[in-house]
Amino acid sequence: MLGVASIMVVILIWQAVAVFVVANPFHLPSFTDVFSEFLYLLMNGSIPLDIATSLFHFIMGLVAALIIAIPIGMMMGWFEAADMIANPVIEILRPIPPLAWIPFAIIWFGLTAFSAGFIVFVGAFFPILINTYAGFSSVPRVYVEAGKVLGCASNPDLIRYIALPSAIPSIVTGIRIATGVGWMCLVAAEIFGSTKHGLGMMLWQYYNLHNMSAVVVYMLILGLIGLIFDMVFRKYVDEYLLNWREREVS
Amino acid sequence: MAKISIRHISRAFEKPDAAPLRALEDVSIEIHDDEFVCFVGPSGCGKTTLLRIIAGLDDASEGDVLIGDERIIDPHSKVGMVFQEYSLFPWRKVIDNIAFGPEMAGVPAVERHEIAGKYLDLIGLREFEDSYPSELSGGMRQRVAIARALANEPDLLLMDEPFGALDAQTRNMMQKELLQIWHKTRKTILFVTHSVDEAVYLADRIVLLSARPGRLQEIIDVELPRPRDRTSPEFADLRRYILEGIEEGERNG
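Protein chains in written order, with the numbering used here: chain A, 5 to 254; chain B, 2 to 254.
Since the hints were made in silico from the structure, they are not lab data. Treat the hints with care, as some may be off.
[Stated by the list, open to error] Calculated lysine-lysine pairs in the BS3-like style (CA-CA distance at most 25 Å, straight line):
1) A:Lys152 with B:Lys4
2) B:Lys4 with B:Lys185
3) A:Lys239 with B:Lys94
4) B:Lys79 with B:Lys119
5) B:Lys94 with A:Lys152
6) B:Lys119 with A:Lys152
7) B:Lys79 with A:Lys152
8) B:Lys4 with B:Lys79
9) B:Lys185 with B:Lys119
10) B:Lys94 with B:Lys119
11) B:Lys79 with B:Lys185
12) B:Lys177 with B:Lys119
Input sequences plus hints: build the corresponding full structure.
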């Protein structure tokens with residue numbers, strides 16, 4: 005209830021400031037401007053197509069990051085040799101901001117959905133890798149030894165039955181961070197013009213048309229979808245996948 | 002069900018720029034079938050190291066451990082272990098923790114849950130089968146850890162200060178329960194503890210190790226009738242005798 009009230013208050017202040025203080029819809033469109041633009045776009049615009057396009061870019065990048073980063077993180081966390089081989093490379097590549105890969109994304113994939121997906125991939129890759137690595141390299145020794153004594157001896161078995169479940173909370177944290185970073189990268193990736201549609205793409209296009217109300221509509225859609233991702237994580241992942249950990253306070 | 006021969010075990014830990022740390026030196030003990038043996042000694046006497054060698058989790062620098070006439074090099078299905086710290090897998094329900102050993106041995110789900118159920122009954126925690134370890138008290142967790150080790154049907158059960166983290170009352174209760182389990186299942190038990198009281202209450206024989214490097218100082222037969230009375234003068238005499246022995250071992254170490 006308090007949450008709804010606080011949003012209402014912010015909207016009221018926004019409206020008042022936009023109408024009476026700024027009084028320039030180009031600098032700050034009012035709430036009512038934005039809302040009517042939203043209704044207009046809903047009828048005449050391409051919002052559903054833009055959402056679908058952006059989700060496609062996003063999921064492509066995220067899935068690729070999961071498929072590649074998790075196994076590498078597992079290997080590096082579990083086998084010291086893999087760590088020693090891969091770590092220097094990772095440490096050099098990791099500080100490069102994902103957006104710095106845009107030129108190569110264009111050269112490798114052209115102005116296609118794949119280059120936007122690639123930028124999401126780069127943004128999502130390292131958080132997943134680092135957290136998987138952390139989870140696998142900090143498996144409590146007593147779990148490993150308990151497993152060994154109970155007949156879980158080979159590396160594949162130890163990884164499957166001990167290390168992976170023990171590392172799941174850390175991996176999930178990585179995926180959660182990756183979702184946020186990937187979503188942020190998505191807007192920039194689309195702005196450079198990879199495809200005709202997409203939330204980031206349209207945001208930029210409306211800016212070029214100086215339709216700032218539409219820009220705000222797309223900003224809010226981007227924020228809302230990001231929020232939904234986070235809620236999905238909180239609800240399903242925390243509640244179901246990690247119920248063994250939730251109560252682990254003692 | 003298992004005779005254990007510990008033969009001339011030594012263990013030195015290599016140090017990068019110092020002399021190797023000698024934890025155990027030439028320890029030999031013969032353990033009989035179904036015997037309950039406690040290891041006591043000053044801290045740093047290598048009692049945990051010895052147990053880990055017997056479990057196959059650590060390698061002796063010299064000497065052998067034989068179970069029956071099989072040499073122990075790696076963890077062995079005939080040897081179970083209960084650890085000092087909480088070692089239950091927090092992501093598995095109680096029943097699936099207990100069924101872990103059979104699961105690794107390839108026992109199908111229905112059967113291994115039956116086995117686990119049997120041991121849940123033995124430790125009296127049937128109603129917690131679907132709980133996660135984080136929902137259990139410390140004493141309950143260690144009972145489940147014992148059940149998990151037993152479900153693998155080992156001949157030899159190793160226990161490394163399993164009740165060390167429990168409060169005194171729970172600890173006494175657990176000792177009593179452990180003896181009942183021992184009577185029912187007839188295992189050979191090797192039990193490391195720093196509590197002399199615990200050793201005198203539980204053991205058929207007490208192995209006293211001296212400090213750094215751990216050497217065999219004395220083996221004491223405990224001939225007090227069971228169930229033992231902690232408050233009896235004989236109990237107190239034996240306790241005093243061992244405590245003096247530990248002090249002596251510390252001085253000479």
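*Are there hints from earlier that the structure breaks, and if so, what are their numbers?*
The structure conflicts with no hint, since it agrees with every one listed earlier.
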